[in-house]
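Novice: Listed below, chain by chain, are the residues.
There are 4 protein chains.
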Amino acid sequence: MTARLAGIFTPNLVPHDSRGDINEPELRRYIDWLIERGVHGLYPNGSTGEFTRFSAEERRRIVAIIADQTRGRVPILAGAAEANVKETIKACEYYHSVGVRAVAIVAPFYYKLGPKSVYAYFKEIGDNTPIDVTLYNIPLFASPIDVPTVQRLADECEKIVAIKDSSGDIPHMIRMIQAVRPSRPDFAFLTGWDAALMPMLLIGCDGGTNASSGVAPELTRKLYDLTMAGRLDEARAIQYDLVKLFDTMIYSAEFPNGFRAAVELRGFQMGQGRMPQSVEQITDLELLSNTLQCMLSSHGFTNEPVGGCMTSTRPSNVNDTEVSVIVQTVLAELKRRGLS
Amino acid sequence: MTARLAGIFTPNLVPHDSRGDINEPELRRYIDWLIERGVHGLYPNGSTGEFTRFSAEERRRIVAIIADQTRGRVPILAGAAEANVKETIKACEYYHSVGVRAVAIVAPFYYKLGPKSVYAYFKEIGDNTPIDVTLYNIPLFASPIDVPTVQRLADECEKIVAIKDSSGDIPHMIRMIQAVRPSRPDFAFLTGWDAALMPMLLIGCDGGTNASSGVAPELTRKLYDLTMAGRLDEARAIQYDLVKLFDTMIYSAEFPNGFRAAVELRGFQMGQGRMPQSVEQITDLELLSNTLQCMLSSHGFTNEPVGGCMTSTRPSNVNDTEVSVIVQTVLAELKRRGLS
Amino acid sequence: MTARLAGIFTPNLVPHDSRGDINEPELRRYIDWLIERGVHGLYPNGSTGEFTRFSAEERRRIVAIIADQTRGRVPILAGAAEANVKETIKACEYYHSVGVRAVAIVAPFYYKLGPKSVYAYFKEIGDNTPIDVTLYNIPLFASPIDVPTVQRLADECEKIVAIKDSSGDIPHMIRMIQAVRPSRPDFAFLTGWDAALMPMLLIGCDGGTNASSGVAPELTRKLYDLTMAGRLDEARAIQYDLVKLFDTMIYSAEFPNGFRAAVELRGFQMGQGRMPQSVEQITDLELLSNTLQCMLSSHGFTNEPVGGCMTSTRPSNVNDTEVSVIVQTVLAELKRRGLS
Amino acid sequence: MTARLAGIFTPNLVPHDSRGDINEPELRRYIDWLIERGVHGLYPNGSTGEFTRFSAEERRRIVAIIADQTRGRVPILAGAAEANVKETIKACEYYHSVGVRAVAIVAPFYYKLGPKSVYAYFKEIGDNTPIDVTLYNIPLFASPIDVPTVQRLADECEKIVAIKDSSGDIPHMIRMIQAVRPSRPDFAFLTGWDAALMPMLLIGCDGGTNASSGVAPELTRKLYDLTMAGRLDEARAIQYDLVKLFDTMIYSAEFPNGFRAAVELRGFQMGQGRMPQSVEQITDLELLSNTLQCMLSSHGFTNEPVGGCMTSTRPSNVNDTEVSVIVQTVLAELKRRGLS
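Residue numbers (the numbering used here), protein chains in the order written: chain D, 1 to 340; chain P, 1001 to 1340; chain E, 2001 to 2340; chain W, 3001 to 3340.
These are calculated hints, taken from the structure and not from any lab test. Wrong hints could be hidden among the right ones.
The calculated DSS-like cross-link candidates involving lysine-lysine, where the alpha carbons are at most 30 Å apart (straight line), are [said to hold, decoys possible]:
1. LYS1112/P / LYS116/D
2. LYS244/D / LYS1116/P
3. LYS123/D / LYS3244/W
4. LYS1244/P / LYS2116/E
5. LYS2090/E / LYS3086/W
6. LYS1090/P / LYS90/D
7. LYS1244/P / LYS2112/E
8. LYS3116/W / LYS1116/P
9. LYS2090/E / LYS3112/W
10. LYS112/D / LYS2116/E
11. LYS3112/W / LYS2116/E
Start from the sequences and build out the full structure, keeping to the hints where you can.
Specialist: Here it is in structure tokens:
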């Protein structure tokens, strides 16, 4: 029996050049940097990697570049979802041929499918893939994969060897582990929700595919190591910091732009994202970048931004009343001008 | 000023051959049949047309075939959403070159984007398209396009000439019409929700892109004509029937399989869908087909199925108690065997 | 057979005195005013009437006052939901004794119950009530009452004579009418969603319980009359205005505070609501009141506010860029002070 | 500074007599039993205790009985939410007079209120209560209390000393602890979601108000003790069992009927619930009771049911195909009879 997939697999972003195309040299440099900082594996063509915004050909090229650059130093989990099952299986074959360890396949999206269809979809893939398959459950974006479906697929398809779950729902993870582990001890459970990484590991997960590890691989790796070693007080402190960093990146800009901004701060030219942004969004992203730089500098990952960082987000000499007065004044002025 | 888009645009399905590829002769025959039965336009590459399950090349081929077959008899509204804005604009250019009247572009999906991103996305398209654009709002599947965004895009982009809204929310449609019509009298409002077609037309919509019109174009066209003529009692009776037919097709199988089953009954070889189905689903679809055949035969569109149709879905000589007894018996048996 | 409930039933608000208690004289004056302006009936203890914020004793007193003041001029539909079935049936008996036409009972709330429990709840009430019962479906706040449950209750309980549905979902209303009307021609369908009143009446509803009719009974009554008379162009124009008024009242403050503010403008002392408000909310409500006064004055229901009203919400000499500049300036200042 | 609330507070159910009234002797006996089995405190008038289905007088009586019976052996956290703030504060005063340790107040429900209203509501209570207050966040049933609101209330009201959160969302709990603990080290965090108790404690919670502890107080207490002692492998095994038990009780019947059935199995006469049940539901509950008895007997809490228990829920000699065949047969028969 092969060892279970385990550890932190980084769902890497893709740098673009000035024309918006894949920036291959920067991608190679970024992959090296991640491996050197201790991530256990790479995970191209995930949600963080914006797989839906590339063409089918580009998705293959991204994996080929990474496989070539990695040269077996760490395993690769390649996102392989395509427009339909036939195309997805072809992608599995291709990724197998370039030496990736396993593929990850998101449940069908756009249409919201029920459990029977989700089962039938993965069953056809599981029966025809030459490479190990990780189910990818992300109910926020795609049809949910429920516990009985995971159990049935694990029972019937030995090529299906893991699930990556991005729901962040701990009882759900426990239910999956209870349903599958007795009959499939080789089946791995990975969490995609960084804000729950430590407790997920403590209740039995094998690892994570965490977008934060593309930004601060040192931190995610340390959290993993401390948790697995049972050093819970230290781990908890890092998990708390990781929640702050993750929340800032995920909730302050359209996903994954906050993560792109943070990777820029680590020294990579990410280029413009493929989704157009309004002028306000570009301004917001600059402010966000400043905040992120302060967070990263507090861990020694970058310098402080020019102008420095406040020690707290709520300085004691300014109170909510002051904010309220400013806001009321502006709103009144807007009203006066008939603008609001 | 060009006339507003108006009337019923049929979001056509795509027949497959035995290998699951596009069945071109059957598609051409189906298009002719729809036009002969009075639909005002065609709408390939919509949700009903399963645009996400075809490759980029196949999507172009579908529109090219339909444009060729239609030869200008009715206008074509072609779904043009691709993986990113650059590819989408290229698709707009291609569809323009083959003579379609306008494209329809769904809001970004998979990622759930906010109003600023939705605006920026359509603004870039609206500023660069050679062909008129219809916004496509389907909040069940894609990022919602809110009223201020529709208003802003209508104000800023003259190439954006319509919205297709599949929410079925009448107050929302009223709000959009109020916000846009004063400054853009040429802007059209189309509803994609068949179960509300008559009231949508009565509160000011210009037409619909209704999946039922691919199954029973005679009925949808008649409902449109009666409603526009103010013959409300007759229209209401047809709307009621349409709700039953639409509900049966949309809620009894994974979308759009109920519609595929119904088009088969009208005499077209649709082939297998591209999404795998479980054995139970295939059985369910056969039962559904029987129900649909009864509905369609009651309007004279097909013969009754072998075995005939009941006059009502709740026959008087059978009561709920009987069903209940059967169900209880089975459940008890399942329990006894430890299966449930 | 009794005639179906029909027309506009006003879900009246309750004025408070300076101690927050029921202001009986003002309530009596308000009721007279509503009847004089043409509402077909009254509906105390609805969601608009904040039934959950009164004690069981207060709820009875409100109905008793209104019954006494109405003296049979219009029928009363009294909200009768209490903590449990036993208490609810006692309330039905009491309301019967004071002469109300029927009660309205909201589905169980707080806990989200399934169809079987919703059925069992109303079945026990329907079998034990001395007074006609209207089901009250408001899925935003309470357990939903689905179509099969409405059908089953209508079939089994002759004392259940109507449903008030506040979902605003027109296909859902069509489904209910189709399911129930054949066997229960006396069963009435009322809509609680003002923004869809005209189309609801056109597809077969009997009337509405519309909060706007407590603010502008003249308008709601006129919309009802024009729609029933088939004068659709005139009706549509009023429906559009009603959407604006309704949206402003319902979305600009916590429900039903926007309606309370508007009734104040019609000349009634409503007192403070029972739910505490923050300082910002009180300021917001003053701004809202100004907006509402302009809306109401445009129909001649009030004078314009001191300072006048703009002719449009988007004056031509001010553009979005100006707003944007102000907002950006303020946000930058807030950032500078570390407040945002 | 008073010690933080900590440990397991049991949200106790209320036994009824044959007329559906409070069964005082059985309630007293149940309270003694819980205390003897090691729960750290009691929590009457919670969601589990069906507070909304009792009258205001009954809610007071329940707390008075429990306070009298407990005689200070364990602290009491009494649910105190009433129809409005004035009545809620009166309830706080009464509960203070009978010696309870603190009250728990759910956010306003029925109406869905925004953060400003939720703040204003608790602020008015916090400024006027004579007794410590626990905020009760249960977004499934009531308006959510967001993190900034918790932080602001903790900063401004020293009488607000804890939050009970039933969302089961671990990152949310981390965010609350990060926001509040630095300035309020005396503020307690309790989880109401049994399926996440162990990981909640590991990331920093002080305890739980867990419905399962009313059924199997021995188990919940043991899980708490093992987790706090860092014996994670043993704790995890119990947490897994608790998920199964909790899921069965919460998802197999309308809440809290599964818990009522389980407490019956522990030897208490719970009487009929106050919400009517259909015949099918009563049958379902009997089957559920059998399943629960097997679960409880596996821990030695009850005997096995007559007929015994299977060793697993999925016996190896019966497969899904067999179930499928039975179901298909029945469905086909139902179809044949026109019943489905």
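Novice: Does the alpha-carbon distance linking LYS1244/P and LYS2112/E stay inside the 30 Å limit?
Specialist: holds (28 Å)
Novice: Given the proposed pairing of LYS1090/P with LYS90/D, does the C-alpha separation stay at or below 30 Å?
Specialist: holds (26 Å)
Novice: Next pair to validate is LYS2090/E with LYS3086/W; report whether the Cα-Cα distance is within 30 Å.
Specialist: holds (26 Å)
Novice: Check the hint pairing LYS244/D with LYS1116/P against an upper bound of 30 Å on the C-alpha distance.
Specialist: Roughly 24 Å between the alpha carbons, so the hint for LYS244/D and LYS1116/P holds.
Novice: Mind checking the alpha carbons of LYS1244/P and LYS2116/E for me, to see if they're no more than 30 Å apart?
Specialist: holds (24 Å)
Novice: What's the verdict on LYS123/D and LYS3244/W, does the C-alpha distance respect the 30 Å limit or exceed it?
Specialist: holds (27 Å)
Novice: Given the hinted pair LYS1112/P and LYS116/D, is their Cα-Cα distance within 30 Å?
Specialist: holds (25 Å)
Novice: Decide if the proposed pair is consistent with the structure: LYS3112/W and LYS2116/E, CA atoms, cutoff 30 Å inclusive.
Specialist: holds (25 Å)
Novice: For the pair we were handed, LYS2090/E and LYS3112/W, check the Cα-Cα distance against 30 Å.
Specialist: Between LYS2090/E and LYS3112/W the Cα gap is close to 28 Å, so the pair holds against 30 Å.
Novice: Straight-line Cα separation of LYS112/D and LYS2116/E no greater than 30 Å?
Specialist: holds (26 Å)
Novice: With the threshold set at 30 Å, check whether the alpha-carbon distance from LYS3116/W to LYS1116/P stays at or below it.
Specialist: Within the cut-off at roughly 25 Å; holds.
Every hint from the earlier list agrees with this structure, and none is contradicted.
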